[in-house]
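Enquirer: So the sequence lines, in the order shown, correspond to chains G and P. According to the numbering used here, the first sequence is numbered sequentially starting from 1. According to the numbering used here, the second sequence is numbered sequentially starting from 1.
Everything hinted at is true.
In silico EDC-like pairs for lysine to aspartate or glutamate, Cα to Cα no more than 16 Å straight-line: (1) LYS52/P / GLU56/G; (2) LYS186/P / GLU39/G; (3) LYS52/P / GLU140/P; (4) LYS70/G / ASP28/P; (5) LYS70/G / GLU208/G; (6) LYS279/G / ASP310/G; (7) LYS175/P / GLU17/G; (8) LYS8/G / GLU183/P; (9) LYS52/P / ASP101/P; (10) LYS186/P / GLU9/G.
Honestly, the hints are just simulated from the structure, not real lab data.
As a plain string of letters, each chain reads:
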Amino acid sequence: MSECSAMKESMPLLLTESLDPARREQSHQHIEACAACSEAWLSYQQTWVILGDLPEVEVPPRIREAFLSKAGIAQAKNENVIAFRRKPVFKWLAQAAAIAVIAGGGYFAGHTRAPRIESSPATIDGVALARQGDFRPISLVETRQLDANALSPEIEGRPNITNVQFVDSDASDDQIGVSFDITSRWTVTGNPRERSMIRLLSYMLENEAAVSPRSNALEWVRQTYSDPANADPEIANALARVLRNDTHEGVRIRAVETLTTLPPAVASDTRDALINALKNDPNPAVRLKAVEALANMARSGSAIDPALIDTLRQKASQDDENLYVRVKAAEVLSSMNP
Amino acid sequence: MTASKATEAREMSHLSDQELMHIVQGGDFSPASVIYDRYSGRIYNFAFRFLKNAEAAEDATQEVFVKMLRHANQFHGDAKLSTWLFSITANWCRDYLRKADNKSKETEDVLVSLPAPSELAPDRTYEQRENERLVRRALEALTAEQREAILLSRYQGLSYAEIAQIAGCSEGAVKTRVFRAMETLKKVLAGEAGGGERCLNAAQ
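When you get a sec, could you build the whole thing from the sequences and use the hints?
Expert: This is the structure we're talking about:
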């Protein structure tokens, strides 16, 4: 490698002043004496400075809240564990039973079909049974009470067990209990027009904790419910609630985009949600999206009504409104010529 | 926050990273907010620039600090806490990009990219906004490895040894990545600005 090539490779280190003093001095001497390296050095310095034009982004406060909430849960988890009052006589039995119960929980999470337990009111067979006409609706949220000997000792699927509590309601008998929450994975299939499916999707839109999956859920809803055959006001209402309540402006923007793809059959629900966002959303980017969406609806002739015109007039003349939103509102009014 | 918690946090803010982590390792998560306040800005900005996606950066930031608590015992005092946190962040980001690569283009489009902060910041001049746009585009021209290295070097001020530890490679590899990144950035910034003069001079 020539001296100049080596010099160029070291220039980033020179920029960060990471070279030792001797090499730094040597490098500067070379740069002063070499026209090509001098030009390259100037170019490096300029690039380095321009990179500084990328401003620091403020961290949304909701991340802190979400994190501390999770940290709080983690602490609560420790506090929730009630110290088990050991009975020396049954110590070995207690350990064996606890392992069996937790292992059995693993069996639940690792299998798509839960074992049939007499004392449990629900099984995952419910989905298949519904298709066969032997309809027995199951609840996604349930509390099971099981005998330890009904569970397999095999642990499969690496279940996530939380909120463990040891229960010993009667110290005089030889029975102990352990309660815990355990995650299990569900796949629910059905026609997009089925009420259960619509409710499930609506719930997920509003309750998925992470942002990316919420955004993915919106895209999934857009793909499925933009089909006129699947038009459903409940989906429009769920999207309206996301637009009204979601803390993340990116998700709300996606909700606007999804609402605008819904079929004309639910246009009035869509329009109301967009007007509400235009009036009340705290983020100008969301309001801008909403006014653009309303403009598109107005152009297609499906959304013009006095409420919309009033809102647009108010926005166009509102002094403290974002300039882009005001201009867009005025443009829409002008194109509508009411 | 209650008064006692506020007092507790104020008192803890005087403790070193190592001391705070020692408390966490003992099962007491009360320093979580202090550590978060100390590093969330750097973590979020690194993830945002690395992933070019605000939502993913939010998820990354939250996950990093949750992992910090969950795996506190894996932190050894011989490394800086910032280096350890950036390691977790970089791993999360690489994993995210790998998954995004595996998904179809359609799925990638699902992710909402928020407007760049400058778009809605009236206090920034046109020139600043234009330079910001150019820099963002130039960073997109880098490979993930190069972007990771330049972000940690230029914006986080980490040494090549620390970056090597985070990226799981040698210092020599970091040097090469940063050099190649700088070469690409120079070319892209010059090309983007219609001959380069406007952009480069704007920074002088």
